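*Asks:* Line order of the protein sequences matches chains C and F.
Be aware that the first sequence starts at 1, since it is given in the working numbering, and climbs by one per residue.
Be aware that the second sequence starts at 1001, since it is given in the working numbering, and climbs by one per residue.
I should point out that these hints are in silico values taken from the structure, not numbers from a laboratory.
Hints should not be assumed to be uniformly reliable.
Some chain C residues judged to face chain F by a derived CB distance under 8 Å, without partners named [stated by the list, open to error]:
{"no.": "1", "residue": "Leu90"}
{"no.": "2", "residue": "Lys109"}
{"no.": "3", "residue": "Ala113"}
None of these values were measured; they are calculated from a predicted model.
From the three backbone atoms N, C-alpha and C, an ideal C-beta is built for every residue, glycine too.
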Amino acid sequence: MDNPYRGVDVISILDFGRRELELLFEYADKAQKYARSKIESLKGKVVALAFFEPSTRTRFSFEVAAKRLGADVISISGEEAISTAKGENLADSVRMLDYYSDLIVIRHKYEGAAKFAAEIAVNPVINGGDGWQHHPTQAMIDLYTVQKLFGTVDGLKYALVGDLKYGRAITSFLYGLTRFKPSAVYLVSPEQLKPREEVLTKVRELGLKYEVLESLDPIIDEVDVVYVSRIQKERFPDPLEYAKVRGSYTIDLKLLSRAKPGLKVLHPLPRVDEIALEVDSTVYAAYFYQASLAVPVRMALLSLILGGEL
Amino acid sequence: MSNATLTVSKIRSGTVIDHIPSGKAIEVLRILGITGREGYRMAILMNVESRKLGRKDVIKIEGKFLDAKELNLIALVAPTATINIVEEFEVRKKFRVAVPDVVEEVLKCPNSTCITNKEREPVKSIHKKVRDDPLEFQCMYCGTIVRVG
């Protein structure tokens, strides 16, 4: 397969088909060999990390990935640290970074900011999260994690739990599942945090069947993957409403006592209290393993886009 | 006065937008970006009798020929509108407006955190038609659905 990633922007996981994602997984397997060493395949390249919104995992793992490949990294983080604090608009900031680097990774609080940046920049742009809309590289990591844990993404039963309305990682994971053949997808959230209608319309158009539920209880004994995202307290107009739903979305040992053997719990992190700490040491917890795969997946992506060998 | 005929003379050359739903003429002008300050001789008839619609609005613009792309934008607010292109008092071309598949800088995204709503960013709003009935467009930047009409 020719390299379909060469020089492309990564705005949404939907920009990529199954074959492209499988190629990425192959590269991520190769990249794992170098996850603790350094190669020079992107020597001479500069990767710009433009994080206009807070980030820990995404920014650090991109930085480590680029450095492991021998690229130089320039980074800005937080609007206050850069010229936007002086009134510069996003377009000008992107133009400047585009002159200084070979690729820009951008995170921004506004939906559509990465697409807009990609229209301005001559060099490739990777979306590191735009508002509540897309987080394509997180979805790549999550799908790869499932592939590593189960040997396949197909034929499994998935429960996506939590804030399905504003959670960009979980929405991107749902979009990513449309590229595979899951045997069931359950979307579990309180009424207020159900997926946006345009998201459901899109996944239906792409042929993915799903069931919308308000509780994980009835399906915990049949699902293979529980993908959890934080219930965002600030989205609830009434704190009492939040208090009502909060407990029903906590993954704890009591709930997992009825789980199917082999079930794995994923979470894009950071978590607050949606997964009890007691779960961390169980065989169900896969979220730290998932976080550990961020570097090889992002190494694979940078290599494919910038033409570096692995 | 109620039975009096409202007479508006024919235009020599220009565009007649007929069968606009009653009360929508001003919106049609707004969507075409015509303010009246351009200097065109123009007649705007509102709430006049129509065999097809009961009541309708009509706009006649002397000396102005709008292209199909501009005219199709009218369909967003006046899907029943018909266009007559007039030359030397004769109707040379007559057609119905059709809802465009993509519109640029016409619709405002209702999502306040969409990049297209940020001042001082050189970004155009672009919407793609996703449904005819009800007429819905989708923001190409944030995915938000906008219902029109």
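*Asks:* Tell me, in ascending order, the numbers of any earlier hints that this structure violates.
*Replies:* Nothing - there is no hint that the structure violates, so all of them hold.
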